[in-house]
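There are 2 protein chains.
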Amino acid sequence: MATIKDVANLAGLSVATVSRAMNGTGYVSEDARKKITYAINKLDYSPNEVARSLFQKKSKLVGLLLPDISNPFFPMVAKGVEDFLQKKGYQVILGNIQEDNEKANEYLRAFEQNNVAGILSAVEHKSKNHSDIPTVILDRIDEDVEYGVYSDDTQGGRLAAEAILKGQPHNIVVIAGPESVTRARDRLMSVEQTLKMAKVSYALIQSNSFLLEDAKETATLLFDRYPQVDSIIAPSDTHAITILQEAYHRSYQVPQALQVIGYDDVPISKLVVPRLTTIHQPAYKVGFKGAEMLYALMNNEHIERKKIILPVHLEVRETLRSGGE
Amino acid sequence: MATIKDVANLAGLSVATVSRAMNGTGYVSEDARKKITYAINKLDYSPNEVARSLFQKKSKLVGLLLPDISNPFFPMVAKGVEDFLQKKGYQVILGNIQEDNEKANEYLRAFEQNNVAGILSAVEHKSKNHSDIPTVILDRIDEDVEYGVYSDDTQGGRLAAEAILKGQPHNIVVIAGPESVTRARDRLMSVEQTLKMAKVSYALIQSNSFLLEDAKETATLLFDRYPQVDSIIAPSDTHAITILQEAYHRSYQVPQALQVIGYDDVPISKLVVPRLTTIHQPAYKVGFKGAEMLYALMNNEHIERKKIILPVHLEVRETLRSGGE
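Chains as they are written, first to last, in UniProt numbering: chain A, 1 to 325; chain B, 1 to 325.
For reference, chain A alone in the conformation it holds in the complex (with noise of 0.2 Å):
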């Protein structure tokens, strides 16, 4: 009977090449996977290790799940995952589930059926099915993961409020992040932790999602409910850009008679006028590393942080009374 050797002869290969196509552990040229079909053929190689192999070939595919691939956040998170993959040699498999949790299911099944060896989720879902996949979250928490990169929102909610402190505020409005979202409820007590702290109170409004149209939907109660507000603290860009424009067609004159603070900072932050204020999360960053971290799993690397929480910043431009200094 054929021994792998004597495919590797055949095949003109190294034994550890045919070894690496078989196993799918490493890369193999397609000449080389040519090569070593024929021989497989041409001996009658052992059909066992042959079908057993292929069917648990490891791809080199990973799934990527993302809440809201229109938000430009997310393709700045896109952006930092294929970078650092594509030098490795792997491709992303996209998964954009619109907020859909639903979806996010679909989704995970995919990835199981293309055999992806690894999961980068930007969405918090509670599913066990893919639990023998390494998978690291990406800007979102999940207790079900051990592995994540975000970034940190008890400082980003601390320098949001702080900014908006030094306008000396009157009537302050919180807007709240969606209540599914753990890290936008992190981030508001961190808003409301401060504020108390310097015993300044503040009305709350709840948002329902990043989505846009529903950010409309929230600035248009937010001036209803309360016009006499000098000072919106937001918990994304989106929510931000669209309370500017609300508050431009109300006349509302920024930041004299209201300052506004926005959270992400997208690159449209810098193009809106006045150009907005705003709390900078790393989210090319956050891809990057996430990826990293990922591959190091796939690869049964030790991986010394688990969590790794990345700084913001504040991005100080033309929407705070203070300037924000």
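The set of hints was computed from the structure by calculation and includes no laboratory data.
From a predicted model like this one, the values you see are computed outputs, not experimental measurements.
Warning: the hint list may mix true and false statements.
The list makes no distinction among identical chains, and a pair is therefore deemed to hold if it is satisfied within one copy or across any two copies.
What the hints assert, rightly or not - The calculated BS3-like cross-link candidates involving lysine-lysine, where the alpha carbons are at most 27 Å apart (straight line), are: (1) Lys87 <-> Lys103; (2) Lys34 <-> Lys103; (3) Lys87 <-> Lys42; (4) Lys88 <-> Lys60.
Following the hints, position chain B against chain A.
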């Protein structure tokens, strides 16, 4: 020697299912796949067929090549693509080239290695690498690819120029899109033709790309070189929004002293102040229709129209003197 019937009998499945599994021509559950693998091993079924069919297995993957995922136009195209393909059980591999053509070739190779069933490309690449993989071009024109979905540039260029003409322009500056993009050239030709027919003169500025940083540079150059400008026809919303900001900082009143028209109608164009008048391109529909065409192509269905040109329209908002009507 064992036959496919023996494998089917032992697996408790139909010959058709076993054949599907081995040729990769249809859906086979993970459970059935395991039973088949077991039967193949048990019976020592001809390795030649197994190895060959496994290597040839068509994936349920489609490669999507995008020029720049941080340009909000393309996430909308991607959304359309995904919405169609997910329903059909296909997954999308993301290839974001960041306007770097070298990267396009790397991605095309990676798509091939992953044995994608088809390619959707929003990049003009002259590479023939993937000539045997069904391909549809999205939002671009590529002479080498028979199938494509994009929107009507002749109509779009004309509509933009006509809208600007209604605002009594005295100093028009037209920004030409990147020279490498065929469609930008077609659009420019239509703008120029419309202005010439109206016997109105204009200045022309060449832009290098649709990237944000390049757009900022172009905006600065434009105002430095043509401080008397009172009308600008931009090749993208990114360009137009960058111009609105530069205009604000240089104290031009929009639209009274300076009217601006964009192109694309990305979500953010509704949110800037003043709200941007622009030519609406159906980005989502380009993605959705392109995926539909690719699906027909992958399944050897008859395709009536190989090029689908979708209509555009003027989206009237607040940056034109005439209102645009």
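Hint check results:
Only between protomers do Lys87 and Lys103 lie at most 27 Å apart by alpha-carbon distance; the minimum there is 11 Å, versus 29 Å within a single protomer. Within a single copy, Lys34 and Lys103 get their C-alpha atoms only as close as 38 Å, which misses the 27 Å cut-off; across copies the closest is 26 Å, which meets it. For the homomeric pair Lys87 and Lys42, neither the shortest alpha-carbon distance inside one copy (36 Å) nor that between copies (41 Å) is at most 27 Å. Taking the shortest Cα distances, Lys88 and Lys60 sit within 27 Å of each other both inside one copy (9 Å) and across copies (23 Å).
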